[in-house]
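Protein chains: 2
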Amino acid sequence: MKVGILGATGAVGREMIRILEERDFPISELRPLASARSAGKTLAFHGDQVTVREATDDAFSGLDLVLGAAENEIAKRFKDSIVRSGAVFVDNSSAFRMDPDVPLVVPEINPGDAKLHHGVISNPNCSTIITAVGVNALNSLSPITEMIVSTYQASSGAGQGGPVELLEETKAYFSGETVTPKVFRYPLAFNLIPEIGSQSTDDYTTEEMKLQNEGRKIMHLPEMNVTCTCVRVPVIRSHSISATVRTKDPVSPEEAREVIAKAPGVTLVDDLPNHRYPMPLDTSDQDLVFVGRIRKDLTSDRGLSMFIAGDQLRKGAATNAVQIAELLL
Amino acid sequence: MKVGILGATGAVGREMIRILEERDFPISELRPLASARSAGKTLAFHGDQVTVREATDDAFSGLDLVLGAAENEIAKRFKDSIVRSGAVFVDNSSAFRMDPDVPLVVPEINPGDAKLHHGVISNPNCSTIITAVGVNALNSLSPITEMIVSTYQASSGAGQGGPVELLEETKAYFSGETVTPKVFRYPLAFNLIPEIGSQSTDDYTTEEMKLQNEGRKIMHLPEMNVTCTCVRVPVIRSHSISATVRTKDPVSPEEAREVIAKAPGVTLVDDLPNHRYPMPLDTSDQDLVFVGRIRKDLTSDRGLSMFIAGDQLRKGAATNAVQIAELLL
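Quick note, the sequences are listed as chains A and B, same order. Residue 130 in this note's numbering is what sits at position 44 of the first sequence, and the numbering runs on without skipping anything. Residue 231 in this note's numbering is what sits at position 145 of the second sequence, and the numbering runs on without skipping anything.
Be careful, since some hints might not be right.
Pairs involving identical chains hold if they fit within one copy or between any two copies, as the list cannot separate such chains.
To be verified - Below are the DSSO-like pairs computed for lysine-lysine, each with C-alpha atoms no more than 27 Å apart in a straight line:
(1) Lys257 / Lys201
(2) Lys201 / Lys348
(3) Lys348 / Lys334
(4) Lys382 / Lys334
(5) Lys162 / Lys348
(6) Lys257 / Lys268
(7) Lys88 / Lys162
(8) Lys88 / Lys348
(9) Lys201 / Lys334
(10) Lys334 / Lys268
(11) Lys257 / Lys334
(12) Lys127 / Lys348
(13) Lys127 / Lys268
(14) Lys162 / Lys268
These are computed hints drawn from the structure, not numbers from a lab.
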């Protein structure tokens, strides 16, 4: 396959190239595309140096697949050119996720939806992928009706500059220097920022509403309601999620553990007496979503609480997109 | 008043001395007490150096008040000697909090309970104080029936060694050295640890159950149910809480903001369009609990979600204890 990467020089684009390589995706040509500013740079792929080209309307010709790792505006700008060129566009931006003509796919959950595409398939939001992979097995016992979720989101979710700024600020703390935040609105070192995304309805942020809106579409649960609080934490690259999940009928922690342990893409790490539970340092730089701390919700007999962690750049973005591409092979 | 501090050399004990000074608590004698190991050290108080004495059964004679900043075992060991000496014991340990003969007091919420003491008054758990101060005003509109809470707890909650270990680990990250965690079970730098306290019932931790059990007693809500997930985060000294709060009858975000803004001990910091919300760096080293991100709970018409932050060492421990002592003056 001839594969283009739109936004190849960003954090997610680079991770996509690494994961295509790692998973030995069958590629006859890799075409990294980015802004004029990045054109001419080279990126390593299977031992070769591949030159980045400028993304233009003509840059997609001959490609079979384009993985999108660019912002919404760039994705919108080039969508028609990509589809016209005959390539399938697997896009990580949020531009088309809620479009009824565009499948929104987590391969472990709704692989069949990928086949219904008309040229574009969207990759979901990172926290949504990690949460959905973690909880989806419960639907096999009884459908999820509500979730109350608080996130602990890593700096990597803000792109390449996120971890750089966090580490610079942290270093500056020790030297007594001051770093003016640019990527984040406030200092993130030894702090928390309870605002991710822009403002949506009812004083929620766009990031907070994605878990409900995208979660409904991925899990085919159009009536699921989700209350979500998204918080940026001084962690480098794994997102964690504290979720209270209610199902139509009660599910016991034992039943939940049994189906979650068998769910694709998940590792059950749930042994409080032996101090085993998901932690971001353990889930970084690998593809599995860790689920643990499963226990009864003390406020509802239809509820369970749990703690979930997964690598934001890999399963939360690049790996999921490459897995979607694998469904198309 | 003649005031003893039991556990005077720990993080909370030192903070208590600072706060007694700051609030100009009327003291004719300050008697810092600690283990034999710390006896002979000196602590600054109103410009003088006061010598730490060993805590023994006879060490409390003549005192009017003892502020307890020691562990459960030490609090239990000396309780009877303190009461026998005629002093009132305002204790920060969890040893007596659920004892029906011991008032558990947050002065902004249940000051009247302090008067019912028989020699011992307990200071609540730090996350519980901060959460209760933040949400209590809702009870004036309709009683709280349930809370679903995820905490973001600072390293200071583990005592003086907590921030030291976090900072050492963080420094070591940059120098490439490895620090073996001693205070925390796992590295906390750039990580999260979803276990605080020891194991309680139903796979909850003791720390997680405190919010329900102590919250019921403080707010006089014996039937309130709380599902809590406690997570240690790489923050130095303020705890934050993401809370979804359900009341008997629906309360609107506007009504909630109005009563919370007027509540004692609280600052409403709730303006998402202007990016104002509670953050641990802003709440550290002061006494007010910040509440913001107030919005509808999308999973219940009786619910509200909000984000709360407060200094763990001050309002979460030392300040609250000194405020209890002020009720006794």
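Inset, instruction - Any hints from earlier that this structure breaks? Give me their numbers in increasing order, please. - result: 1, 5, 8, 9, 10, 11, 12
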